[in-house]
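Chemist: Chains as they are written, first to last, in numbering that gives the first Met the number 0: chain F, 0 to 330; chain P, 0 to 500.
One side of the interface only, derived from the structure: several residues of chain F facing chain P at Cβ under 7 Å: (1) His191; (2) Arg193; (3) Met200; (4) Ser203; (5) Asn204; (6) Arg206; (7) Ala207; (8) Tyr210; (9) Ser211; (10) Gly212; (11) Gly270.
Just so you know, these hints were derived from the structure itself, not from any lab.
Idealized CB from N, CA, C, for every residue including glycine.
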Amino acid sequence: MTGLYRRLFVASGPEVPGLLGFLVLVLVVFGVFAPNFLTGANFGSIAFQLPELGLLTLAMLMPIISGGFNLAIIYTANMAGLTLAFVLKQYGGIDAGYGPFILGTVLAIGVGALSGAVMGAVIAYVGAHPILVSLAMMIFLRGLGEFLTKGGDISGFPAWMATLGHGTVLGIPVPLILFLICAVLWHILLTHTRHGFSVRMIGSNIRAAAYSGLNTRRTLILIYTLSGVMCAIAGILMLSRFNSVRVGHGEALLLVTVLACFLGGVDPFGGFGRVLPVVIALIVLQVLSSGLNLLGANQHLSTAVWGLFLVGVMILRWGAGWISERRRRGS
Amino acid sequence: MPADAVAPDALRFSAISKIFGGVKAVDDVSFTVGTGEVHCLAGENGCGKSTLIKIITGVYQPEPGAAMEIFGQAYAQISPTQARKAGIAVIWQDLALFAEMTVAENIAFETILGNRPRAVSYARLRRVAAAALARLDVDLDLDARLGTLPIAQRQIVAIARALVSDARLIFMDEPTASLTESETDALLSVVRNLSARGVAVVFVSHRLAEVLEISSRVTVLRDGKLVGVFPTEGLTHSRLTELMTGTVISHDVMARDTGGRPEVLRIEGLTRAGEFEDISLTLRAGEVVGLTGLIGAGRTELCHSLFGMTRADRGRITLNGQDLQLRSNRDAVAAGIAYVSEDRLALGLIQPQSIADNTVLSVLRQISGAGGLLSSRKKDATVSHWIKKLAVKIGTPADAVSTLSGGNQQRIVLAKWLATRPKVLLLDCPTVGVDVGARAGIFRIVRQLAEQGLAILLVSDEVPEVFLNADRVLHMAGGRIAHEWDPRRTGLPEMEAAVYA
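I would like the entire structure built from these sequences, with the hints used as guidance.
Modeler: Given below as structure tokens:
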């Protein structure tokens with residue numbers, strides 16, 4: 000390996016080269032077989048679809064690295080979206096200006112943060128398992144949302160909000176810009192801050208982390224609060240893309256976010272995980288589904304292919320581990 | 000009996016070598032165990048003990064040229080099945096039993112494997128298990144769930160299971176590591192019993208006292224090579240340590256007069272119901288105070304309260320004359336108290352994470368730079384400083400800390416705490432799972448830290464450790480301090496008699 004390649008390899012983690020290989024393979028295969036695959040329009044549509052799933056995946060990532068889970072991401076996102084929608088409705092609906100939008104956004108993020116902080120506090124002080132706590136929060140938020148919306152949609156927002164969901168800046172879709180900013184922030188948070196360090200340590204062994212003097216309770220509360228904030232950002236984006244809010248929007252994405260984390264090499268037992276490979280895994284998933292779509296495959300078939308893809312990656316990782324083990328033992 | 004005179008050795012292996020990736024893990028070793036003999040296989044971690052056992056039990060194949068004979072029969076190659084059929088059994092440290100099943104099921108389950116029809120006769124299981132326990136002269140409840148038994152009794156179950164499969168040569172891997180003194184005595188009497196019935200037992204251990212007590216010969220390995228086979232009669236503890244480590248370890252009492260130094264930590268009447276009662280002690284700058292006592296005497300519980308992990312019901316803690324109110328261990332760390340846990344695997348280190356991260360875990364603020372972000376330059380500098388200072392042997396700082404040996408792991412734990420610049424260091428059994436040779440290294444560091452003015456509380460259930468390394472020794476029993484000794488005036492036998500009484 001050349002020095003530069005080795006440096007990149009170390010900096011990006013062992014997952015990135017393999018995932019990039021996958022990405023190239025998928026691009027080549029669909030480039031050859033799918034008509035209109037290698038076109039600006041297709042990549043444009045991928046760039047618009049990726050950010051929702053991407054933001055929700057970031058919201059799932061931090062709890063998973065800490066050895067936990069957040070089942071409530073979708074409903075937290077939509078509850079934040081509803082908050083913004085209520086504020087906009089209150090101030091004129093389609094005629095609402097920037098002021099109500101800013102107020103609504105702040106409140107929406109507050110709602111996301113609150114939902115996360117409550118989960119984090121219960122996990123930290125009661126010691127209940129994050130799956131159970133977030134399951135309770137998910138069911139609570141779904142019920143509350145359906146009660147508030149009477150199970151229907153809320154729509155009728157100012158036309159200028161479409162820029163957020165559908166506009167471009169210098170040819171780059173606004174949602175993509177939003178997602179990239181969030182991903183970079185998340186990367187810095189996880190790799191270069193005391194909080195991110197604590198997240199990984201807690202994920203590997205929370206008791207040992209506590210014995211070493213880390214404030215594990217504060218870290219847990221912060222993890223779920225930040226996860227909730229990220230959900231809220233996703234919820235605001237979803238509102239502006241669909242120009243409506245419904246409690247159940249994007250329900251199918253919940254487990255896809257988990258899939259993306261694991262494809263991106265996040266340790267299912269906690270303690271290890273990075274943003275960059277997860278982002279590449281997200282791109283592979285979107286490219287796969289848009290390619291299959293162009294081939295005329297059914298939407299459900301592409302979901303099936305996602306599942307197969309995860310199994311394939313697991314087998315390849317096992318194979319790579321086996322080979323390096325043999326090499327190490329020199330037999 | 001004339002039959003004994005011609006009985007072949009249980010095991011006669013010679014010219015055994017095993018190479019892993021170019022490294023000779025076992026290098027031309029011979030190993031012989033007589034029928035019914037109690038033998039000890041001694042050596043530090045990594046000396047080739049485990050590899051040798053795995054060759055004997057057929058897990059690994061030795062390099063060509065080995066001669067292998069079991070109960071008089073020569074083998075060119077041994078498979079695990081052949082080894083078992085020949086009567087060899089290994090009881091690993093983790094015992095490999097089923098916690099959810101009963102004693103009888105654990106002992107006799109092998110008798111039902113391959114049954115036709117595939118039905119289980121519980122009456123037969125119980126009969127077989129009872130017979131095996133009777134041979135050991137031990138009384139256990141056959142229907143007790145294994146998980147409810149103490150380790151010592153689970154070990155008996157593992158031995159009984161070996162007997163059910165007609166073992167005539169039993170290897171026991173660190174059998175006394177987690178036993179109390181009286182449990183160890185019970186185990187040793189079971190071993191004598193086995194030996195009298197012609198079953199050979201090989202102890203694989205680095206706890207030395209019982210090795211000398213029970214075995215007739217010791218085979219010592221070092222760095223994969225055979226050091227020699229020695230009769231245990233006349234072999235002293237220190238001589239055996241020298242054979243295992245290849246170095247002479249000082250056995251001088253280190254105690255100094257520390258009465259004139261300034262007090263650092265003072266505890267008065269500290270009490271926590273059910274754990275410890277009315278504890279008063281002082282730690283002076285540069286002083287090593289030993290705290291010994293049996294497991295359950297309240298030593299670890301006292302450390303936890305001093306470290307702010309639990310709150311005492313009554314009493315005062317003062318540090319440099321200031322009253323301490325510890326709401327959490329973060330308060331204790333901030334005040335200058337560090338605690339090296341007895342449970343290095345679960346609490347002392349975050350095993351899957353890197354050596355570097357484990358080292359800086361306690362000083363994240365120190366390695367933060369601009370904008371509160373972690374500075375990798377400061378982190379690298381801190382890590383390399385401590386690895387050099389404590390002479391930790393590592394591959395790279397990015398390796399998982401679990402890849403290190405026990406002694407080097409303990410040095411990382413020390414590094415983590417020393418980086419916080421503590422005034423008081425609580426060492427809770429710092430040599431658990433650390434080789435004899437590496438223990439001396441740990442105590443050299445402890446001594447140096449004391450020279451630099453750190454006040455150290457050295458907790459250990461091995462009385463010789465505190466006797467040799469502490470300036471004063473406190474004996475804790477039933478949650479109270481029962482004795483205070485000066486190692487220069489009170490001898491080791493007197494201390495041991497009081498502690499193990």
